[in-house]
Structure formats: structure tokens, C-alpha cells
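Order-wise, the sequence lines are chains X and R.
Using my numbering, count along the first sequence one by one with no gaps and you end on 124.
Using my numbering, count along the second sequence one by one with no gaps and you end on 161.
It is worth saying that the hints were derived from the structure and are not from the lab.
There may be inaccurate statements among the hints.
Said to hold, decoys possible - Sample of chain X residues with no beta-carbon within 12 Å of chain R, all distances over it, derived:
id : residue
1  : Asn2
2  : Gln5
3  : Pro8
4  : Ala10
5  : Ala16
6  : Leu63
7  : Leu99
8  : Ala104
Claimed, not checked - Which residues of chain X face chain R? A partial, calculated answer using Cβ under 10 Å:
id : residue
9  : Ala12
10 : Arg35
11 : Val85
Claimed, not checked - Derived CB-CB ranges, DEER-like:
id : chain 1 : residue 1 : chain 2 : residue 2 : range
12 : R       : Ala92     : X       : Ala97     : 18 to 26 Å
13 : R       : Arg68     : X       : Ala104    : 37 to 45 Å
14 : X       : His100    : R       : Gly149    : 24 to 32 Å
15 : X       : Ile13     : R       : Thr101    : 44 to 52 Å
16 : R       : Thr65     : X       : Arg96     : 21 to 29 Å
The C-beta atom is built at its ideal place from N, Cα and C for all residues, glycine as well.
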Amino acid sequence: MNPLQAVPLAVAIPVAILVVLGSTLTLIGALGFARLSSFYDRLHAPTLATSWGTGGIIIASALMFSAIEGRAVIHEFVIGLCIIVTTPVTLMMLARASLHRDRAEGSADLPEAMRIRPDPPALD
Amino acid sequence: MTRLIPHPVLSLSMVMLWLMLTRFSLGYLILGTALSLVAGRAYSALHPAKPRVRRWRVIPRLAATLFRDIVQSNINVARLLLTEGRGTRRSAFVQIPLKITDENALALLAIILTATPGTAWLEYVVETGTLTLHVFDAAQADHYRDVIGKIYEPMLMEIFE
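Excised from the complex, chain X in its bound form (with noise of 0.2 Å):
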């Protein structure tokens, strides 16, 4: 039997939600990035499928295996867990080095009151 079909209708509706739900906001953030014109813009778009996109998926991951396998199926949470300490740091990487890149270049995407950066105090 397929094991799909010993999962009860009242699990497999909101595992269909959340699924459609995950991936469907993981599909407008993934089109928003490829739309989007500028750098700084285009930070925002993956956030889509880093918060509810990944959310989404792994809830429903979660519910329909602790269906199936009659016990709590939790380790999806630890994904969750990875990559909502991770992506800070990824983005501010890339934000950071936007930043500096445009600063050293003097570009007008950034206002005016950001292209210096106050000097950090020296070192002794």
C-alpha cells in the first residue's frame, strides 16, 4: 500500500496547505529576485522563501511524517533553526560588501548621508 494513503484526510489537508503555501512563496521570491533591478532590492526577494517559504514546508514536512510514523517528527525545526541563525550572516556579508563597493566608487544609489563612513577610532 502506498503510504501516502495512511495518512488521515484531516493531516493531508493542512500538509497540502502549508506545502502549496511554502513553495508558492518560495516561487514569488525566487521571481522578485530575477525582477528586480537593483542589488539592494534584491536582498528582500529570498527572504520570502528564507522565513515562511521554509517555514511552510518543513511544518508540513513535520505533520505529515509524525502522521505517518505515529510518533513527534521534529528534527525539520533544526533547518529551520540553521537558517534563520545563517542568513544573517550571508546577507550582511553581501550587504556589507555592496556597501563598500559602492562607497569606494562614489555610486548614486546610495544617498548622500551614506557614502562616508565615519573611521573606525585607530588601532593602538
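Please build the complex by placing chain R on the supplied structure of chain X, with the hints as guidance.
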């Protein structure tokens, strides 16, 4: 005790993580514990600022607020992305003076702002305590200024300072 287990919370959560990812058995428990103790010692070699959580009670409130904000801004950003090119959306750089200085509180704020679509953390200047954000929808700039200054910052201060 402190020398052997410099970061008990970190080590304990790593053991839990290890057991969640593997099947529970005595062998895995011992291996996971050994690894987490080594990791804890390695981490303390970095001399991180030790998080001092003063009020645990605020954390569920913070989590609930964050959850609501993430749902809300997911809807907003998804709508803006779908109407991209037709609407009049502009993005903006926003500078916000922060009162919090604790490293761990700042790290948590960075996670909060990154997890919330629509805001991206660009830089934080330690000397002036100024945070620069990039906001996807310029019309919401004041909203984010309020949310950070009046909701998240006081909560983080209550937790860490």
C-alpha cells in the same frame, strides 16, 4: 565545572540537536556529549560575550510579536513583488539610532530583522550606535522605525540589559 563545561546551555542544546538528528541510543548520547563539550570549549576560545538573560518571561512575548510581524510582512512583500513594475514602490535607506549595545541583543535584532521580509540589515556603526537598514517599501520606513524603537528594542533591553 565552568572550565570543563564553559557553555552549558550551548552544549546541552547541541546534545539535544544531535539526538534529534540521529536515533536515540547510548552510543550516540556519549558521542554527542563528547562532541558538544569539545565544541563548547572551542567556542569559548573565541571569547564571546556571555549572554546573560535577565528576564525569560519576555521571550514568549517577543516570539509571538515576531511571528505576527513575519506573517504580516510576508504578505506585504509577496504583494509588492507580484505587482512589481506596476506600482509606485520605492525602496529606501533608513538610519536608526539604537540604544542597545549588548552584542547578543544586537545579534538577536539582526536575526529578527533578517527573518522579517522587507527589511535588510546593512550595517551597524559601533561608535555611534547607528543601524542602517534597507527597507523594501519606503512607505513603511516610519513603521519600521517605530516597530524597532518602541517594540523590539525595549523587549531586547528587558531580556539582556
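Outcome of the hint check:
1. Asn2: holds (25 Å)
2. Gln5: At roughly 26 Å from the nearest Cβ of chain R, X:Gln5 sits farther out than 12 Å, so the non-interface label holds.
3. Pro8: holds (25 Å)
4. Ala10: X:Ala10 clear of chain R: closest Cβ-Cβ about 23 Å, beyond 12 Å.
5. Ala16: With a cut-off of 12 Å, X:Ala16 remains clear of chain R, as the shortest Cβ separation is near 19 Å.
6. Leu63: Holds, because the least Cβ-Cβ distance between X:Leu63 and chain R comes to about 17 Å, which exceeds 12 Å.
7. Leu99: violated (6 Å)
8. Ala104: Nearest chain R Cβ is 15 Å from X:Ala104, so the label holds.
9. Ala12: violated (23 Å)
10. Arg35: For X:Arg35, the interface hint holds, since the closest Cβ of chain R sits about 6 Å away, which is under 10 Å.
11. Val85: holds (7 Å)
12. R:Ala92 - X:Ala97: 18 to 26 Å: holds (20 Å)
13. R:Arg68 - X:Ala104: 37 to 45 Å: holds (40 Å)
14. X:His100 - R:Gly149: 24 to 32 Å: holds (27 Å)
15. X:Ile13 - R:Thr101: 44 to 52 Å: holds (48 Å)
16. R:Thr65 - X:Arg96: 21 to 29 Å: holds (27 Å)
Hint violations for this structure: numbers 7, 9, all remaining hints satisfied.
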